[in-house]
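Peer 1: What follows is each chain in one-letter form.
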Amino acid sequence: MEYKVKIDSFEGPLDLLLHLINKLEIDIYDIPAAEITNQYLLYVNTMQELELDIASEYLVMAATLIAMKSRSLLPDHSSTDDEYDEEEDTGDELMHRLIEYKKYKEAAVKLQELEKERTKLFSRSPADALFAPVKEGPLNVTIYDMLGAFQKMTRRKKLSVPRQATVRREEMSVEIRMKMLMKTLHDAKVPVLFEDLFQSHEREELVVSFLAILELMKQNEITVMQKGSFAQLYVVSGGTTNDK
Amino acid sequence: MTNESIIESLLFAAGDEGLSAEQMADVLDVDVQTVQHVIERMAEAFLHDDMRGVTITTYGEEYRLMTKKENAPFIQALAEKPSPKTLSQAALETLAIIAYNQPVTRIEVEDIRGVKTERPIATLAARGLIEEAGRAEGAGRPILYKTTTEFLDAFQLKNLDELPPLSEGEVQVQQEADLFFGRFEEAMGETTEE
Amino acid sequence: MTNESIIESLLFAAGDEGLSAEQMADVLDVDVQTVQHVIERMAEAFLHDDMRGVTITTYGEEYRLMTKKENAPFIQALAEKPSPKTLSQAALETLAIIAYNQPVTRIEVEDIRGVKTERPIATLAARGLIEEAGRAEGAGRPILYKTTTEFLDAFQLKNLDELPPLSEGEVQVQQEADLFFGRFEEAMGETTEE
Numbered sequence: 005m006e007y008k009v010k011i012d013s014f015e016g017p018l019d020l021l022l023h024l025i026n027k028l029e030i031d032i033y034d035i036p037a038a039e040i041t042n043q044y045l046l047y048v049n050t051m052q053e054l055e056l057d058i059a060s061e062y063l064v065m066a067a068t069l070i071a072m073k074s075r076s077l078l079p080d081h082s083s084t085d086d087e088y089d090e091e092e093d094t095g096d097e098l099m100h101r102l103i104e105y106k107k108y109k110e111a112a113v114k115l116q117e118l119e120k121e122r123t124k125l126f127s128r129s130p131a132d133a134l135f136a137p138v139k140e141g142p143l144n145v146t147i148y149d150m151l152g153a154f155q156k157m158t159r160r161k162k163l164s165v166p167r168q169a170t171v172r173r174e175e176m177s178v179e180i181r182m183k184m185l186m187k188t189l190h191d192a193k194v195p196v197l198f199e200d201l202f203q204s205h206e207r208e209e210l211v212v213s214f215l216a217i218l219e220l221m222k223q224n225e226i227t228v229m230q231k232g233s234f235a236q237l238y239v240v241s242g243g244t245t246n247d248k
Numbered sequence: 053m054t055n056e057s058i059i060e061s062l063l064f065a066a067g068d069e070g071l072s073a074e075q076m077a078d079v080l081d082v083d084v085q086t087v088q089h090v091i092e093r094m095a096e097a098f099l100h101d102d103m104r105g106v107t108i109t110t111y112g113e114e115y116r117l118m119t120k121k122e123n124a125p126f127i128q129a130l131a132e133k134p135s136p137k138t139l140s141q142a143a144l145e146t147l148a149i150i151a152y153n154q155p156v157t158r159i160e161v162e163d164i165r166g167v168k169t170e171r172p173i174a175t176l177a178a179r180g181l182i183e184e185a186g187r188a189e190g191a192g193r194p195i196l197y198k199t200t201t202e203f204l205d206a207f208q209l210k211n212l213d214e215l216p217p218l219s220e221g222e223v224q225v226q227q228e229a230d231l232f233f234g235r236f237e238e239a240m241g242e243t244t245e246e
Numbered sequence: 053m054t055n056e057s058i059i060e061s062l063l064f065a066a067g068d069e070g071l072s073a074e075q076m077a078d079v080l081d082v083d084v085q086t087v088q089h090v091i092e093r094m095a096e097a098f099l100h101d102d103m104r105g106v107t108i109t110t111y112g113e114e115y116r117l118m119t120k121k122e123n124a125p126f127i128q129a130l131a132e133k134p135s136p137k138t139l140s141q142a143a144l145e146t147l148a149i150i151a152y153n154q155p156v157t158r159i160e161v162e163d164i165r166g167v168k169t170e171r172p173i174a175t176l177a178a179r180g181l182i183e184e185a186g187r188a189e190g191a192g193r194p195i196l197y198k199t200t201t202e203f204l205d206a207f208q209l210k211n212l213d214e215l216p217p218l219s220e221g222e223v224q225v226q227q228e229a230d231l232f233f234g235r236f237e238e239a240m241g242e243t244t245e246e
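Residue numbers (the numbering used here), protein chains in the order written: chain W, 5 to 248; chain U, 53 to 246; chain L, 53 to 246.
Just so you know, these hints were derived from the structure itself, not from any lab.
Treat the hints loosely; a few may be bogus.
Derived DSSO-like pairs (lysine-lysine); straight-line CA-CA distance at most 30 angstroms [stated by the list, open to error]: (1) Lys73(W) <-> Lys124(W); (2) Lys133(U) <-> Lys231(W); (3) Lys114(W) <-> Lys121(U); (4) Lys124(W) <-> Lys133(U); (5) Lys137(U) <-> Lys210(L); (6) Lys198(U) <-> Lys137(L); (7) Lys120(W) <-> Lys133(U); (8) Lys137(U) <-> Lys124(W); (9) Lys162(W) <-> Lys198(L); (10) Lys133(U) <-> Lys168(L); (11) Lys137(U) <-> Lys120(W); (12) Lys168(L) <-> Lys198(U); (13) Lys210(U) <-> Lys187(W); (14) Lys120(W) <-> Lys198(U); (15) Lys168(L) <-> Lys137(U); (16) Lys133(U) <-> Lys107(W); (17) Lys137(U) <-> Lys137(L); (18) Lys121(L) <-> Lys162(W); (19) Lys121(L) <-> Lys168(L); (20) Lys107(W) <-> Lys210(U); (21) Lys168(U) <-> Lys222(W); (22) Lys198(U) <-> Lys222(W); (23) Lys162(W) <-> Lys168(L); (24) Lys133(U) <-> Lys210(L); (25) Lys198(L) <-> Lys210(U); (26) Lys168(U) <-> Lys193(W); (27) Lys210(U) <-> Lys73(W); (28) Lys27(W) <-> Lys210(U); (29) Lys222(W) <-> Lys210(U); (30) Lys168(L) <-> Lys124(W); (31) Lys162(W) <-> Lys120(L); (32) Lys168(U) <-> Lys162(W); (33) Lys210(L) <-> Lys210(U); (34) Lys210(L) <-> Lys168(U); (35) Lys183(W) <-> Lys198(U); (36) Lys120(L) <-> Lys121(U); (37) Lys73(W) <-> Lys114(W); (38) Lys106(W) <-> Lys133(U).
Quick caveat: nothing in here was measured; it's all calculated off a predicted structure.
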């Protein structure tokens, strides 16, 4: 079974904001304070509900956004120049930070591609006889040189084991978990509360079950229903459209 | 023997340690330009010869023989161990910020990312991708970081100039304007705040 | 890609240990005779091509790429030139393996590196970075090696605990949580958008 794990994590409040700007198709140069603040808080609340550790940075940003939003909601009966500037500054500063961060986030994607390409190239160990050591003088190397050499070594391949299908444990478990979930849903005959599909609160079990549910959704084996944002999720066997 | 033959032998023996044009010129007793010229021709020929499985690559100052990208699946099929773990998103972002701004302090990286960055920095250092580059002036004299030669190797870059360009266009213009006004404001700020 | 190209890649990456025709036939998905036949033709061609610096040799069941005999003096010359680096890649790799696995025998180091390691060990011992630490149990009672105080000094470490951890374990756990949340968000998005 091929299951590509897409790691779609947020790397902090700026990353989350960029995600929202992207999702809501907002112009980064003209961010609507109210909308972005509401959406941002919704996410942070969800994170709290999921009892994920929220880094303090997320909360600091929440406070900044709320301040920005409340100022933007103030009736604009020619406030003093000072107040006006302050509001502009918060918005501007945030915009600049987002643009700056976005630049590096994009660069990180390019680096990731280069890293991936690099894993397709192999060399061989230097011959044992090569490179006469300098016996005298200071040892002009740092711990980083040693770590770098070690990494270089890990990129080399020791070839020997004949090809064999290696099945990774988690892939196996997702598959088994999918079968188990289908049985549970089938036996229940009525929609099952989303949370009830998670048997334990072990991190690994949560992740595997979750991946299994998503895979089943993708395969149109199950349907997840929800009445509205942040209402209870129910899961039922059978796809949304029955083509078969 | 031809220079090509000897260079292939030398590069083969050097493996992933690689060799500089100077080292090869020294052994061949020819000048560096000759070596560079011969290698360029060889690299080109290897690349286009579909009977060849290796090419010559450059990173930093070093030339190396490396297997062709297209053959990777066959090598991986015989490999004992899976490829080393790739870097996390946090580590890649941190690395990008360091690579484009080096030397740079952790605080500066955190300012751009908006989150704590101790762990990604430790990971990058343990991978030999970044190293300390002295200390910055000012309060606490924080450690400065820069990328290593291993960084060039790990991302197949000849040198830092080969880093993919940061997104430009609109942003660039914007930044130039910001820079201008920033400086202007700073200057103003300095005078008014004092 | 041609079989020739893939075989060259495989033999190159396999290094000094070489590969059997069976192993190559397996990944190429052809029969062993075909591989043997192709390799014989390649070996012949390499030998007579005076632009090539390597040939294919057979050693027992294993095929290996080797530098041509005639070029040995040039490799020797390279080996005798002092390297611009004070420690070679081979020595640094060996040092890392010893530092993180001490006490450890030469055989164990060679097992990890996949190549002979006599010289790097001699170099490291000569520079006082490693020393003998008794002998291992078992056949031949091979010498064990460990790092020295000079090693700590040279790399500015207070003690061995200060060696940076090599694993990215902690980062991995973080990613799982992120993954979970990311998926959750995606699922939410899909349901609400419908």
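Peer 1: Take a quick look at whether lysine 137(U) and lysine 210(L) sit within 30 angstroms of each other, Cα to Cα.
Peer 2: holds (29 angstroms)
Peer 1: Are lysine 73(W) and lysine 114(W) close enough, with their CA atoms no more than 30 angstroms apart?
Peer 2: violated (34 angstroms)
Peer 1: Below or equal to 30 angstroms on CA atoms is what counts here, so check lysine 120(L) against lysine 121(U).
Peer 2: holds (26 angstroms)
Peer 1: Are lysine 137(U) and lysine 124(W) close enough, with their CA atoms no more than 30 angstroms apart?
Peer 2: holds (14 angstroms)
Peer 1: Holds or violated: are the alpha carbons of lysine 168(U) and lysine 222(W) at most 30 angstroms from each other?
Peer 2: Violated. Lysine 168(U) to lysine 222(W) sits at ~35 angstroms, over the 30 angstroms cutoff.
Peer 1: Run the distance test for lysine 168(U) versus lysine 193(W): straight-line Cα separation, threshold 30 angstroms.
Peer 2: Roughly 48 angstroms between the alpha carbons, so the hint for lysine 168(U) and lysine 193(W) is violated.
Peer 1: Against the 30 angstroms threshold, does the CA-CA distance of lysine 124(W) and lysine 133(U) hold or violate the hint?
Peer 2: holds (14 angstroms)
Peer 1: Assess, step by step, whether the Cα of lysine 121(L) is no farther than 30 angstroms from the Cα of lysine 168(L), and give holds or violated.
Peer 2: Distance ~20 angstroms between lysine 121(L) and lysine 168(L) Cα, so the pair holds.
Peer 1: Is the Cα-Cα distance between lysine 198(L) and lysine 210(U) 30 angstroms or less?
Peer 2: Violated: lysine 198(L) and lysine 210(U) sit about 36 angstroms apart, past 30 angstroms.
Peer 1: For the pair supplied as a hint, lysine 114(W) and lysine 121(U), is the alpha-carbon distance within the 30 angstroms limit?
Peer 2: holds (18 angstroms)
Peer 1: Regarding the pair lysine 106(W) and lysine 133(U), is the alpha-carbon distance no greater than 30 angstroms?
Peer 2: Violated, at about 35 angstroms.
Peer 1: Assess, step by step, whether the Cα of lysine 162(W) is no farther than 30 angstroms from the Cα of lysine 120(L), and give holds or violated.
Peer 2: holds (23 angstroms)
Comparing the model with each earlier hint shows violations of hints 1, 2, 12, 13, 16, 21, 22, 24, 25, 26, 27, 28, 29, 32, 33, 35, 37 and 38; every other hint is respected.
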